[in-house]
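**Q** Given next are the chains, with one letter for each unit.
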Amino acid sequence: MSVYLLNKILYLLDNDADFRKRIKEDPEGTVKSFPLTGDEIEALILGDVGTLYQMGVHTFFLNHLGRYEMFGVNRDNYLERIRSHMEYDPRFELGAMPLQYVPKES
Amino acid sequence: MAKLVLAAGVPHPPRLVREMQDAPGQLRGEALFKQVAGYFEAAAPDVIIELDSDHFVNFFYANVPAFCVGIAEESEGPEEIWVPMPHYVVKGDVKMGKGLLGYGLKSNFDLAAAEELRLDHSMMVPLHFLNPNMEIPVIPLYVNGFAAPTPTARRTFSLGRMVRKFVEQWEGDQRVAILASGCFAMDVGGPLRGWTDDNWVGTVTDLLENGKYETLARRATAQRMADAGNNSTELLNWIGLTGAVGDTKPLFVENDGGSGYAVWELEGGRK
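In order, the protein sequences belong to chains A and B.
The opening position of the first sequence corresponds to residue 1 in our numbering, with each subsequent residue numbered one higher.
The opening position of the second sequence corresponds to residue 1 in our numbering, with each subsequent residue numbered one higher.
Don't read these hints as lab results, they were simulated from the structure.
These numbers come from a predicted model, not from an experiment.
Here a beta-carbon is modelled for each residue, glycine too, at the ideal position from N, C-alpha and C.
Careful, some of the hints might be misleading.
Label-pair distances were calculated between CB atoms; the ranges are [as the list claims (entries may be wrong)]:
no., chain 1, residue 1, chain 2, residue 2, range
1, A, Leu46, B, Ala62, 44 to 52 Å
2, B, Gly38, A, Glu105, 33 to 41 Å
3, A, Tyr88, B, Asp206, 25 to 33 Å
4, B, Glu209, A, Glu105, 17 to 25 Å
5, A, Ser84, B, Leu105, 42 to 50 Å
6, A, Gly29, B, Asp206, 48 to 56 Å
7, A, Thr37, B, Gly268, 54 to 62 Å
8, B, Ala23, A, Asp39, 43 to 51 Å
9, A, Gly72, B, Ala112, 36 to 44 Å
10, B, Ala226, A, Lys21, 51 to 59 Å
11, B, Ala23, A, Asp76, 21 to 29 Å
12, A, Ile45, B, Met1, 56 to 64 Å
13, B, Glu254, A, Ala17, 31 to 39 Å
Required output: the full structure, derived from the provided sequences and hints.
**A** Shown next as structure tokens:
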């Protein structure tokens with residue numbers, strides 16, 4: 001298990017413009033360049049936020065998936081995905097993900 | 001001797017500056033920040049010590065200090081591209097920051113120090129409102145609020161007490177403001193996004209209003225803060241601040257959906 005590396009990939013996505021360019025151009029190849037397990041690679045490239053959350057990836061990093069619209073994750077499906085392995089909780093009815101202001105990069 | 005003249009706690013909503021442009025004069029956060037800014041203007045501090053929790057912009061799991069003093073000549077932020085607000089250069093106060101580091105270590109606080117910083121929105125949103133044109137130097141005092149396990153609230157409270165003692169023995173004659181950045185209770189990017197733990201917000205507000213700071217530090221266990229939402233351990237910054245204010249009660253405590261705002265005027269709080 002390398003939750004550390006999963007966190008790191010998403011940390012770099014947010015903090016390193018060169019890495020962001022690289023992972024946007026070649027999402028799958030970039031993920032596979034890290035020594036992750038098969039399950040981890042699959043969860044990430046499927047944008048399976050719920051499984052990544054259960055694995056222990058930090059929510060601040062998961063949030064970047066929706067923010068940068070990586071691996072099919074976006075503002076509209078993020079909450080449904082992160083809750084996918086959880087029991088229903090009435091608090092789920094509240095709120096939504098906020099509008100993001102991410103500038104277009106070349 | 002230097003003097004602590006003002007203490008304030010505020011949140012750091014990353015999109016507030018932009019949302020204010022879209023709806024000027026309509027947001028409670030704008031009004032509350034302006035209210036707090038009035039006290040900063042009146043107090044005219046020479047330096048701001050800002051308690052804040054880095055949101056994985058300056059630190060990562062490779063190395064996360066429990067407490068870290070920023071001793072950079074100057075730093076820039078916000079570094080996240082998704083925070084729609086002006087980008088600033090913030091002056092440090094290297095001499096006083098190193099003074100705090102040394103005093104903290106002598107007082108048995110094993111502080112880390114950083115000579116280069118990447119400031120995130122949690123450091124910058126408060127400064128945008130409270131430090132116009134970034135004229136006042138800032139000493140960042142980071143408290144790990146997000147990479148569990150975090151320091152305890154009681155230890156963070158003691159850290160604040162140490163900061164007060166440091167200021168009062170410092171050889172300079174600076175007027176010092178201490179600023180805490182963080183919410184009372186909030187979920188950001190977690191499964192409970194949108195829910196606010198009003199029960200905990202009420203408890204925190206009540207204990208702050210009544211000056212029961214040590215009670216708050218006892219009750220703010222890691223579990224209780226985590227139960228209030230994945231962002232709620234930011235309360236540690238407020239708890240550090242209460243360690244510095246002594247017996248003084250706040251002039252007001254307000255909250256806007258789990259985001260707290262409060263001001264303490266200390267002796268000589270108006271210049």
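**Q** Would you mind marking each hint as holding or not holding in the structure?
**A** A quick look at each hint next to the structure:
Hint check: leucine 46 of chain A to alanine 62 of chain B, Cβ distance near 27 Å, so the stated range 44 to 52 Å is violated. At roughly 38 Å, the beta-carbon separation of glycine 38 of chain B and glutamate 105 of chain A lies within the given 33 to 41 Å, and the hint holds. Taking the beta carbon of each, tyrosine 88 of chain A and aspartate 206 of chain B are about 32 Å apart, inside 25 to 33 Å as hinted. Remark: the range hint 17 to 25 Å for glutamate 209 of chain B to glutamate 105 of chain A is contradicted by a beta-carbon distance near 46 Å.
Remark: the range hint 42 to 50 Å for serine 84 of chain A to leucine 105 of chain B is upheld by a beta-carbon distance near 47 Å. Glycine 29 of chain A and aspartate 206 of chain B have their C-beta atoms about 54 Å apart, which keeps the hinted 48 to 56 Å range intact. Range check, threonine 37 of chain A to glycine 268 of chain B: Cβ separation about 60 Å, and the 54 to 62 Å hint holds. Taking the beta carbon of each, alanine 23 of chain B and aspartate 39 of chain A are about 45 Å apart, inside 43 to 51 Å as hinted.
One distance hint, 36 to 44 Å for the beta-carbon pair glycine 72 of chain A and alanine 112 of chain B, holds here, with the actual separation near 39 Å. For the pair alanine 226 of chain B and lysine 21 of chain A, the supplied restraint of 51 to 59 Å is violated, since their beta-carbon distance comes to about 35 Å. At about 23 Å, the beta-carbon gap between alanine 23 of chain B and aspartate 76 of chain A stays in the expected band of 21 to 29 Å. Distance hint check for isoleucine 45 of chain A and methionine 1 of chain B: the Cβ-Cβ separation is about 59 Å, which falls inside the suggested range of 56 to 64 Å.
At roughly 38 Å, the beta-carbon separation of glutamate 254 of chain B and alanine 17 of chain A lies within the given 31 to 39 Å, and the hint holds.
Of the numbered hints given earlier, the model fails hints 1, 4 and 10; all others are met.
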